[in-house]
Amino acid sequence: MVELAILSGKGGTGKTSISAAFATLGSEMIVADCDVDAANLHLVLQPGQDFQERFVTGAKAIIEQDLCTNCGLCINYCRFDAISYHAGQVAISETSCDGCRLCFRVCSSRAIRMVESDKSFWYSGSFRNGFMVHARLAPGEENSGKLVNVVREQARKLASMTGLGTIIIDGPAGTGCPAISSLTGTNKALIVTEPTRSGFHDLKRILELTGGFKIPSVVVINKYDLNWNMTGEIEDWCLQMNIPVIGKIPFDAKVVEAMLHCKSIVEWAPESAAAKEISSIYQQTSNNGVA
Amino acid sequence: MKIAIASGKGGTGKTFVATNLFWVAQESGMPVTLVDCDAEEPNVAEFFSGKEQFAHGVFQQVPVIDTERCTFCGKCFEYCNYNAIVFLPQNNFIQVIPDLCHDCGACIYACNAGAITEEPKLLGNVKAFSFNRHALLIESRSEIGVYSPVSVIKKAINEADQKSLILMDSPPGISCPFIATIDQADFVILVTEPTPFGLHDLKLSAATVSQMKKPFGVVINRAGLGNQEIYEWLEYNRVPLLLEIPFDKDIARIYSEGKVLAKETSTYQEVFSNLLKRITHYYLSWSN
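Sequence order for the protein chains is E and U.
When you line the first sequence up against this note's numbering, it's residues 1 to 291, in that order.
When you line the second sequence up against this note's numbering, it's residues 1001 to 1288, in that order.
Bound conformation, chain E alone (with noise of 0.2 Å):
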């Protein structure tokens, strides 16, 4: 089984527009939307719902106001900044509690319970060329590496019960938690950027968090005509580093046109520069090894 992750460090980069070309390329495969924040490949693949399951991302600690002394104990021992008087009451903030449940130990007179934080789920179904599991967060959830594990971990069991032997994992932005869990243990990193300061900055950070789990990487730049001095800057210095850079898709419109259909490029305008050049990443990706 090979899991190949598409990452980015910067947002916006084209991550999904490409694993949506990905998922529509080649025989069946199963797909993980792990940018479980802000989930789009759906969308795009609009598979069944098949299964769904509710995630329980914490617990939220709340206060029973008729059973507390305000002795203020709970408050001396948050080190979320969670808990304060609020007019001559204790208060807790759900958005800064982390749910330690430290202050529902601590308090004597048990008026602190832990509230299950369930509003999360998890799906999975098949789409027109395989399966696919994406998650939805609750806003402002934690957590949300836990749930990319349970995302993944549905993935493998997919893989194992179908027999198919690729995933495509769709990663979020940034390097904390959630890109961390979709990356940990996968055979390869597929690194899209863009010609931009800010595409370039996050790649070498991106980078450094692919070089210190191990994984393999290779580089796409997408868009990568709309500044050509950025372009070789970033091929460059890649170059430099030795990471090779396995493709370079050029902008177009009809990516964003086939978003609006619910297609992917290939599937869409598969005669495309664009198109075309996914292609070939996607044959350099899955021939052995990297690239």
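These are computed hints drawn from the structure, not numbers from a lab.
Please read all numbers here as calculations on a predicted model, not as lab measurements.
All C-beta atoms, glycine included, are put in the ideal place defined by N, C-alpha and C.
Be aware that one or more of the hints could be misleading.
[Said to hold, decoys possible] With a straight-line cut-off of 25 Å between C-alpha atoms, the simulated DSS-like cross-links for lysine-lysine are: (1) E/119 x U/1213; (2) U/1214 x E/119; (3) U/1002 x U/1051; (4) E/204 x U/1214; (5) U/1121 x U/1155; (6) E/254 x U/1249.
[What the hints assert, rightly or not] Pairwise CB distance ranges (calculated): (7) U/1097 x E/50: 48 to 58 Å; (8) U/1231 x E/108: 48 to 58 Å; (9) E/287 x U/1231: 27 to 37 Å; (10) E/271 x U/1130: 45 to 55 Å; (11) E/280 x U/1050: 20 to 30 Å; (12) E/26 x U/1280: 52 to 62 Å; (13) U/1090 x E/52: 37 to 47 Å; (14) U/1055 x E/242: 27 to 37 Å.
Once you have looked at the hints, place chain U on chain E.
Chain U only, in chain E's frame:
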């Protein structure tokens, strides 16, 4: 006033809007601070430089278990809600995994043997540059491999001159780093693009921001690239459309080079000054 510039979807133009607003504010002579809250991928420093004012590390405490004193009772393991303590009672083995620790202090509270002390672990850095006498840039930057940038973000926002206009360039998504930024804001600008992905993520972030009872408006970037659906949604939900920026390869090129559009063209200098005025107006009418 604190304005957060945010979006669910990445790459819609948060930093673009934030850097342009910062430029016009400082041009007008207004005291202003731009805080780069995207600690996982901070980019503001690609656009501005200045004289470094201060830089300091942000640390968390992680427990250290003294196995000489430890009685292997397992209470700290039981109290840890983050699976950050590995405990094998048969082997008298106990160990902390610092990367998973949230610095809540529950293990220390749990330990009756006095076997747990704490040591600092670097999470990231906060750096401030003065752009001129009345304009300051503050960058939050988390260390690679650190799970949560939240404390670095909070620290950076706290360092801002509270009497100045504070612009916060928010991290993408709708989870903890985003919440930590929005929580501090008086007004939120949601930047999006008129595509299905943009609209889908706008709905999520708008729901989150409304739930937090923050007034907000929308900036549509790359207008003309997608379809009309987003406009219908804005109208139906009575969400103010603050500004539309057309899709234009020249704008994309200027941004890609790390330049600020409002500085390069007088038209956009005016466009962004007006945006700032409009937001002030919306905020006033909302708070009344």
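Checked hints:
Between residue 119 of chain E and residue 1213 of chain U the alpha-carbon distance is near 19 Å, which keeps this suggested pair within the 25 Å criterion. Taken as a hint, the residue 1214 of chain U and residue 119 of chain E pair is honoured in the structure, with Cα atoms around 21 Å apart against an allowance of 25 Å. Taken as a hint, the residue 1002 of chain U and residue 1051 of chain U pair is honoured in the structure, with Cα atoms around 23 Å apart against an allowance of 25 Å. Between the alpha carbons of residue 204 of chain E and residue 1214 of chain U the distance comes to roughly 35 Å, so the proposed pair goes past 25 Å and is violated.
Distance restraint check for residue 1121 of chain U and residue 1155 of chain U: the Cα-Cα separation of roughly 15 Å lies within the 25 Å cut-off, and the hinted pair is therefore satisfied. A threshold of 25 Å between alpha carbons decides the hint, and for residue 254 of chain E with residue 1249 of chain U the separation of about 15 Å falls inside it, so the pair holds. In this structure the hint that residue 1097 of chain U and residue 50 of chain E lie 48 to 58 Å apart at CB is violated, the actual value being about 36 Å. One distance hint, 48 to 58 Å for the beta-carbon pair residue 1231 of chain U and residue 108 of chain E, holds here, with the actual separation near 56 Å.
Between residue 287 of chain E and residue 1231 of chain U the CB atoms are about 45 Å apart, so this pair departs from the stated range of 27 to 37 Å. Look at residue 271 of chain E against residue 1130 of chain U: about 53 Å separates their beta carbons, and that is inside 45 to 55 Å. Range check, residue 280 of chain E to residue 1050 of chain U: Cβ separation about 44 Å, and the 20 to 30 Å hint is violated. Against the hinted window of 52 to 62 Å, the Cβ-Cβ separation of residue 26 of chain E and residue 1280 of chain U comes to about 53 Å, which satisfies the hint.
Taken as a hint, the range 37 to 47 Å holds for the pair residue 1090 of chain U and residue 52 of chain E, whose Cβ atoms sit roughly 39 Å apart. With their beta carbons about 31 Å apart, residue 1055 of chain U and residue 242 of chain E fall inside the hinted range of 27 to 37 Å.
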